[in-house]
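Student: Fit chain B to the supplied structure of chain A, relying on the hints for placement.
There are 2 protein chains.
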Amino acid sequence: MAENSGKPNYLVGVDLGGTKIRATVFSASLEARGTAKLSTKPQRGAEAVIERVARAVREAVDEADLTFKQVRGVGIGAPGTVDGKTGEVIFAPNLDWHDVPLKQLLEKHLDVPVFVENDCNAAALGVHVVELKSKPRNMLGIFVGTGIGGGLIVNGELYGGFGHAAGEIGHMVIDVGGPKCGCGRKGCLEALAGRGAIFRQILEAVQEGQKTVLTEMLGPDLKDMRSGDLRKALRRGDKLVEKIVEDAAFHLGVAVGSLANILNPEVIVLGGGVMEALADEMLSVIVETAKDYAMPGAMNDVEVIASALGDEAAATGGAVLARQLLK
Amino acid sequence: MAENSGKPNYLVGVDLGGTKIRATVFSASLEARGTAKLSTKPQRGAEAVIERVARAVREAVDEADLTFKQVRGVGIGAPGTVDGKTGEVIFAPNLDWHDVPLKQLLEKHLDVPVFVENDCNAAALGVHVVELKSKPRNMLGIFVGTGIGGGLIVNGELYGGFGHAAGEIGHMVIDVGGPKCGCGRKGCLEALAGRGAIFRQILEAVQEGQKTVLTEMLGPDLKDMRSGDLRKALRRGDKLVEKIVEDAAFHLGVAVGSLANILNPEVIVLGGGVMEALADEMLSVIVETAKDYAMPGAMNDVEVIASALGDEAAATGGAVLARQLLK
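Protein chains in written order, with my numbering: chain A, 408 to 734; chain B, 408 to 734.
Everything labelled a hint here was simulated from the structure, so no lab data went into it.
Since we're looking at a predicted model, the values are computed, not measured.
C-beta: ideal position from N, C-alpha, C; glycine also.
Misleading hints may appear alongside valid ones.
[Unchecked claim] To spell it out: a stretch of chain A is covered by chain B in this simulated footprint if at least three of its residues, at any positions, have a beta carbon under 8 angstroms from a beta carbon of chain B; those stretches are:
| id | segment |
| --- | --- |
| 1 | 567 to 578 |
| 2 | 604 to 618 |
| 3 | 659 to 666 |
So here's chain A without its partners, still in its complex pose (with noise of 0.2 angstroms):
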């Protein structure tokens, strides 16, 4: 086989997130081989972030068992507004990185071709590319972590949009006028679906009061809190927990039904950490709801589910990109 020749075969996608960097190296044919995972550490500013995800290229190659002269080249999904052609992340809260050329910088680390794209824009692709096996032409990913946000796949291909900025389903608003947003506005999904708007919640009922067997299980602050832990609680039978994490799942259900009315995509796939955690628990929910907020034929044999890809997604699209370019 080819990736045995000698021949640099081999790709690496990286998932550069506001807490860890996730690399993996993919086959030719996109078979995850071997991952390495670092913090990220944005405090220490841009430059050694970037030294930081080249480490984490080398630790993936190695664990595994190939050299980095088997490395074709490698697709990064960054967290923030991208300029896919120059390879620039143009504005990334998380890191707090603005205008800075991560492809020329890495590729001055790496030596080989480095490929840039939305973190959410690659999860879709790596969706679409390695997970789906009807390639459907038009499809939706929702990425449910800390924050909310979507890759949407058009005619087969990754649609970006005029400016590269389309994809924010996390700010589509909601409820005017509703809770606070991170971005500064009011009533976006992610304010009343995300993970953050899930653990304040909770925050608040705790701090009113309310019990939940989740102050057993991490003490009154809740301190070091996760999507597991939600989990554990519902299987717990916790009342309060089921109340906001059904709540959540009811708002994303609404965002789902309008966006099939919007788009009318032919499969909406939900991924993101909180629903790696909680799909069993709020997928139905969530169909039953779009259903009920659809028109007549927006969700006619539209498929939503719960991609499997988890953690890799971004990381797996981020090869996918590095393979289409590379072409």
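Tutor: Then chain B, alone, in the frame of chain A:
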């Protein structure tokens, strides 16, 4: 010129609405040559309406001093869910139509090829091809009449989505739990900013005893109120109408901002009867609000404009459609 040779070179575009049918004859280069209008009379049933469409088409041809032999094809925008391939109207609530084979029945009457599209999709196509000289790759058309509809141009082409149901902008939820919409749900954009919503709010305010010059103009029950009456009231400094129209413009702006976040189109065009009457009053509020609600980058260099095609947008798009599909 070819169009004087007697060969069938003319196209007829039809806007089939719930209350009126408008047919316009266009030259091969899409210049309007003559128009005819007829009331729709949907209560007489689909067969009778289709006969009226055929009559409007023939009257428009006569109005343009042409003979029907010079007509190459007809394109119709219909108010509902349409199967573009079969030319069937699947569901049109304003006409009370279910599964009406419009293309087939109208071709029997006219004996020229007929093409069918959703009316707002047709209007978006008309604006894109005939009105916008810049030919943006991605455009969103929002048409504000009694209801609110939309049409998307993606990569230079009309985007229908998986089941040809995309573009239902009026039924994106902006205010979950908000006012009831004609579709049966709550908080849809249409329930906050369509002509129906504006008129309902004015009527409610009058019933509560609030003052407006509209009651002087139209009588206490505001019978036969039209968008143009609102413009007259605004020019006379009517505070109630000003507040309600501004509120509708605010909600349209929230939607435009959200849609910029989702789709980041190059151009956003606002059309329809309400915009035709009130663009001067509404557009600046819409644009300002949209910029407030858009993420950094999503509205950069994005044009938001009012269409100059007015009532002719859907008929124009019908002719464009026929020209495209007859090629």
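Student: Compare the structure with each hint and give your call.
Tutor: Right, here's what the structure says about each hint:
Counting residues of the segment 567 to 578 of chain A whose beta carbon lies closer than 8 angstroms to any beta carbon of chain B gives 11, which meets the minimum of three for the stated coverage. Counting residues of the segment 604 to 618 of chain A whose beta-carbon sits less than 8 angstroms from any beta-carbon of chain B gives 0, not enough to reach three: the coverage restraint is violated. Residues of the segment 659 to 666 of chain A lying with their CB closer than 8 angstroms to a CB of chain B number 5, which satisfies the three-residue condition for coverage.
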